[in-house]
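There are 2 protein chains.
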Amino acid sequence: MGGDNAPQVVVEGIEKARNEWSDIEFVLYGDETKIKKYLKDDKNITIVHTDEEVLGTDEPVKAIRTKKNSSMVRAAKSVKDGENDAMFSLGNTGALLAAGIFIIGRIKQVDRPALMPTLPVTNSPLGVNMLDVGANAEAKASYLQQWAVMGSIYAQDVKSIKEPRIGLLNNGSEEDKGDTLHKEAYELLSNTEEINFIGNVESNDILAGVADVIVTDGFTGNAALKATEGTATILLKELKKALMDNGFFTKMGAAIIAPSLKGIKAMFDTSRAGGAVLLGLKSPVVKAHGAANVETIFYTVKQIYDMLLNDTINKANTYFEKMQKEQ
Amino acid sequence: MGGDNAPQVVVEGIEKARNEWSDIEFVLYGDETKIKKYLKDDKNITIVHTDEEVLGTDEPVKAIRTKKNSSMVRAAKSVKDGENDAMFSLGNTGALLAAGIFIIGRIKQVDRPALMPTLPVTNSPLGVNMLDVGANAEAKASYLQQWAVMGSIYAQDVKSIKEPRIGLLNNGSEEDKGDTLHKEAYELLSNTEEINFIGNVESNDILAGVADVIVTDGFTGNAALKATEGTATILLKELKKALMDNGFFTKMGAAIIAPSLKGIKAMFDTSRAGGAVLLGLKSPVVKAHGAANVETIFYTVKQIYDMLLNDTINKANTYFEKMQKEQ
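Order-wise, the sequence lines are chains A and B.
When you read off a place in the first sequence, starting at 1, and then add 269, the result is the number in my numbering.
When you read off a place in the second sequence, starting at 1, and then add 269, the result is the number in my numbering.
Pulled out of the complex, with its shape left as it was, chain A reads as follows:
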């Protein structure tokens, strides 16, 4: 059980979710003493004590191979063995990816799992899902097609969008834009009947809500995601500094406008969307932000619950099996 504020926020979030959905059973992997310290009531909650820890600085694959009694490896094994249906973690993203691939395993016809967070958009509380944002530094056009299909099924099941608009992140909006990879991906996505492909999307439009799902290779997706996060963080920090460092009257003005600024803060808050899904694995695996709060934990459980209720992973599985037979 990793994360900056674990286990307190995790335990509180889990208890909140347990109180909401009585048919979920939780198994918490981590330091039993620490978890018990925050646990008010163990109804539907089991603790499995683990005494090893995958650190943020660990080399992912090595950590998964050597730290057999870490919460991450134990949780992944339990999913592999069918003891649990899904897992989430606030810990090392690379290690979670490695645990997903090497312990839980990929959906057979999916070449590579993708990391898919939800980003805020200005015109809808549902946000936009972007994948892959960094699980794969190298990509092929066929991966992007697989991710588009899985992203589309996810948006239908978890966000209840009937025909999710799927966009391809590219360096221009015209259909002939891109390098070889993205031109090929455009072609493949255009010919994928099961998705509502709306064409190319440029990264200045990500937050404008022009698509429900944006497909991209992990290298570009990582750059676009981090540039978006970095710019928002720096701009809001500079704004705060400007309001606090300019004397009494500015502070007074800042106090007056504070309630209105909450709307912007709320727009950029995607905690209700849950965590970033590692799509393409045999079971739902979700990475919640290391700095996640109680709300995010609660909504991450809801997100996984929605995937399980809708059989989201199996739908993707069925699609790819059907594709394979037709080929």
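Hints listed in this document are in silico derivations from the structure and should not be mistaken for laboratory results.
Treat the hints loosely; a few may be bogus.
In this list, chains with the same sequence are indistinguishable; a pair is considered to hold if it fits within one copy or across any two.
Claimed, not checked - Simulated crosslink set (DSSO-like; lysine-lysine; CA at most 30 angstroms straight-line):
| id | residue 1 | residue 2 |
| --- | --- | --- |
| 1 | Lys446 | Lys506 |
| 2 | Lys446 | Lys551 |
| 3 | Lys509 | Lys531 |
| 4 | Lys446 | Lys346 |
| 5 | Lys520 | Lys534 |
| 6 | Lys584 | Lys349 |
| 7 | Lys306 | Lys446 |
| 8 | Lys510 | Lys305 |
| 9 | Lys303 | Lys331 |
| 10 | Lys531 | Lys506 |
| 11 | Lys349 | Lys305 |
| 12 | Lys336 | Lys303 |
| 13 | Lys520 | Lys506 |
| 14 | Lys452 | Lys409 |
| 15 | Lys285 | Lys520 |
| 16 | Lys510 | Lys520 |
Given chain A's structure and the hints, the job is docking chain B onto it.
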């Protein structure tokens, strides 16, 4: 002479620059009647009338081949023929790139010219130069090395930075990060003695001023630049909306804090840096933003003047010739 507010802002910016630097001679290519309408004094300014226009919607290479009497083609030819030393345009970026490559020509040892804008940073008025941000959808590691050398020389000459810090945009800060292209680029940059290579830079740190020059392939650079611009634009728009749409008291608060917000606006204003340079061509070629104002035009002239005074292009040329001889 293209651009949203041309020729008025261009003519005004040129006159301002002419009044500042008496040893520059300007040749304006465009509609003579329209230019004359705004020109107060033609000292050191010649007008060459052109009656064709490269539009924003034109296919770049085709436009350059067919619109022989456009301001862009005429200006590029004049540089090629040595009548003028440099050119800048507010028009179609792709067409300017095509004119640069096919009319003015590349520095012999530079494989591809790169588009290099200046982005703001929080800790210096000099900003950060990023290249390539979209002239090349496909790149090789050797291109990134060439761009790093040229970016470094530019930062020394035009921004007076003694040992410019050169960073490589990558998907992590550790040296083993990246796809094959960026791992190769890391290796090449590490072994380039003439530059001060500081290692990998992630795109959430672009505006934090961790480097003076950031090298990237055109596809990723385009995504990072547009994500940065898009996020800043959307955030500032939402902020304005929040301050204006929430009644009298919020508006009053907004009026009080307005002077303090100017500091942020000033931070994000890079007009003093001039335009985006097409580095790698035989002469300085600069793309100023279509929506450039008089200040940007003035500083674009200064930027070109600095490159000419310092012989920036020839320094790059000399470096690459020396490299070739040593191989």
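Hint compliance check: list the failing hint numbers for this structure, sorted ascending. Of the numbered hints, 7, 8, 15 do not hold.
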